[in-house]
Amino acid sequence: MRKFLLASISLLTVVTLLAACGPKPTEAPTEAPAELSVEDCPKPEVFCVGLVTDVGKIDDKSFNQSTWEGVKKAEAELGALVQYIETTDSKDYAKNIAQFADAGFDVIVTVGFALGEATQEAGRQYPDVKFIGVDQFQAPGSEVPNVVGLIFPEDQSGFLAGALAALMSESGKVGAVLGTDAVPPVWRFGEGYRAGAHYINPDIEVTTVYHNDVGFDKTFTDPEWGKTTALSMIDKGVDVIFGAGGKTGNGALLGCAERGVMAIGVDDDQYYTVPEAQKVLLTSAMKLLTPGTFELIKMAKEGNFPGGGNYVGAVGLAPYHEFEDKIPAEVKAKIEEIDQALKDGTLETGVPPAKPE
Amino acid sequence: MDWRRFGFIALIILVLIGVVVMVGATQVSPTVIVVSMLATTISVATPLTLGALSGIYCERAGVVNIGIEGMMLASAFFGWFGAIYLNTILKVAPMPSLLLGVVAAILTGGLLGLLHAVLSVTYKVDQIIGGTVINILAIGITGFLNRQLFFEKGSIFGGEVPHAPGVLPRFHIPLLADLPLVGRVFEQQPIAVSAVVLVLVTHFVLFYTRWGLRTRAVGEHPRAADTVGINVARMRYANVIIGGLIAGLAGAYFTLESVPSFEPLMTNGRGFISLAAMIFGNWSPFGAWASALVFGAAQALQINLQFFREQIPPQWAFLQQAYIVGLVPYLLTMVILTGIIGKTTPPAADGQPYEK
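Taken in sequence, the protein lines are chains C and Y.
Mapping of the first sequence onto the working numbering: residues 1 to 357, in sequence order.
Mapping of the second sequence onto the working numbering: residues 1 to 356, in sequence order.
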């Protein structure tokens, strides 16, 4: 009896783990049109696009998901066969990319700064496959001809958020709660925010707090820390907070919602992704991942893939939603004016591409 | 009680708060800084205190429990799921949903405690392995169910994460919360308050009741306890399950008291830090509580030094590196473990299965 019990407990454990781990093969048929399957990918007439996530889920209502939507748009409009692999451990980046490359996929999208090295490595190893590295800046001199970095001017997006925060703040104190500054896009969001706030009001106090004290895999998934940090800022008189760092930043938005303090989201229109914060959300500093990803896939299909360099995607502020009537018209006009000036290059944020050593 | 240890730990907290007051006083009034530091310290310390108490029940009875992390994670998920299910599908009002969610979280912890007891007491599996199994199991189950229940098209919520019923409300602790200046520190949420109450209860139970004496006996010398007629297995079962229930309450903190959402892996190693707090506090409830507060204060320091980054005097410029400040709790742990403030002594039979 004892042995039986022990055996069934271990069996149950193993089965649960197996069920929970790894890419789920059962999902494959639902993603692809019925007549195509992964076995057809090596054929030249079948256009296959694979996506490898950073550690995190495809449906994270943020980064991975927005990129995936760009890939799905390619499925709908270009007739591509699309699939994704969720990375569960950062040691598996190369393995997951190779899985698509070996299956004969034409384009592989890797999501996130952390996959940069693995993507370049795979680019050298599979010269016939086209790679799109989201948030992976291709440094001059180390480009790989079949890899393109999809990058965004986060500093401009942050600059707009900072300018809006400074225009709306009554206490003269604005803050930002961010993921780790070891990830350049996060740092550029933070510094762009600072520059934007100071552009409006040179005397404003801007505080940026980064979640640097934990590993890469945890810095973006710690809403409790984000909320605690936001509350600590609010206690000291900060009245607009920019939450930029995946789920950690979402925690900051929730903290703002609890205290009724204005908040600014990041990456997507967070009015839809953090509904609890709708009442306090001014706007979101967006990176338009979906169109950027789709454009690059389209270029790959049409044969004008801009490999061996970077492709700069678009950024901008999300709609004001519930603040549409509360934000004065002159503030909106000012933001419009700054947005225009940033786009045509007459205004520069002064933020370097990466944190100086 | 070990007053020297308690005093030393309190001193560390005062120093950490003092550093921030010194740095930030030109910018923000000292009272505001102290209140905000204390508020952060208490909220960060809440799950750590509960986790450490969970460890104390288990280890005082002689069962090492490194599965607290997994127990917290699983309870955080099931508590959250329970609350949302009641609120969205069964249309229960938000408040009862949240409270029943807490109950679900506690029961989840208790169930995993039972699993740990079965493995380590009945089957005498290596207790470290048993704990690891729980940790891995919790990561797998919560990740899988989170996906299946909330994101699959055909799931009960139709592929959309529904509106959460919110978080447990803050309430006024009478008298204390009416104090001028520092009153805000005492506007607390129920789990934070119950953590403190459980510290007192655990201290009383362990050192002033027959149950506590028996618990400690089976943890120190199970054979002796057995010869005087104490049922070692039953005591261990009971205490490990109690430990699981408390870890469950710690899990509820994450999704029902702090933020109204669940993220895979959201406990982020806090279960292991709780174990450090337990050791740091020498397996005593007050010691563990104080240590959890040290970790909380270290977190508050980390946040506040970044907040006051521009006010840090140039000769202390190294403090601007968040990495260095983030190390504080771990450095402290190592210092304490070297025995500088007195030796820490685990229960003598900690981790050893009892063979009759």
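Fair warning: there could be bad hints in the mix.
Stated by the list, open to error - Taking lysine to any residue and the SDA-like style, the derived pairs with C-alpha atoms no more than 25 Å apart in a straight line are:
| hint | chain 1 | residue 1 | chain 2 | residue 2 |
| --- | --- | --- | --- | --- |
| 1 | Y | Lys91 | C | Lys72 |
| 2 | C | Lys355 | Y | Phe318 |
| 3 | C | Lys279 | Y | Arg170 |
| 4 | C | Lys72 | Y | Leu149 |
| 5 | C | Lys61 | Y | Gly269 |
| 6 | C | Lys57 | Y | Thr132 |
| 7 | C | Lys72 | Y | Arg147 |
| 8 | C | Lys72 | Y | Phe318 |
| 9 | C | Lys355 | Y | Gln321 |
| 10 | C | Lys57 | Y | Gly154 |
| 11 | C | Lys61 | Y | Ser261 |
What the hints assert, rightly or not - Listing some non-contacts, in silico: residues in chain C with all C-beta distances to chain Y over 12 Å:
| hint | residue |
| --- | --- |
| 12 | Cys41 |
| 13 | Glu77 |
| 14 | Glu258 |
| 15 | Pro275 |
| 16 | Lys334 |
Note that these hints are calculated values from the structure, not bench results.
Glycine residues also receive a C-beta, built at the ideal position from the N, C-alpha and C atoms.
* Could you work out which earlier hints the structure fails to respect and list their numbers in ascending sequence? => 1, 8, 14 and 15
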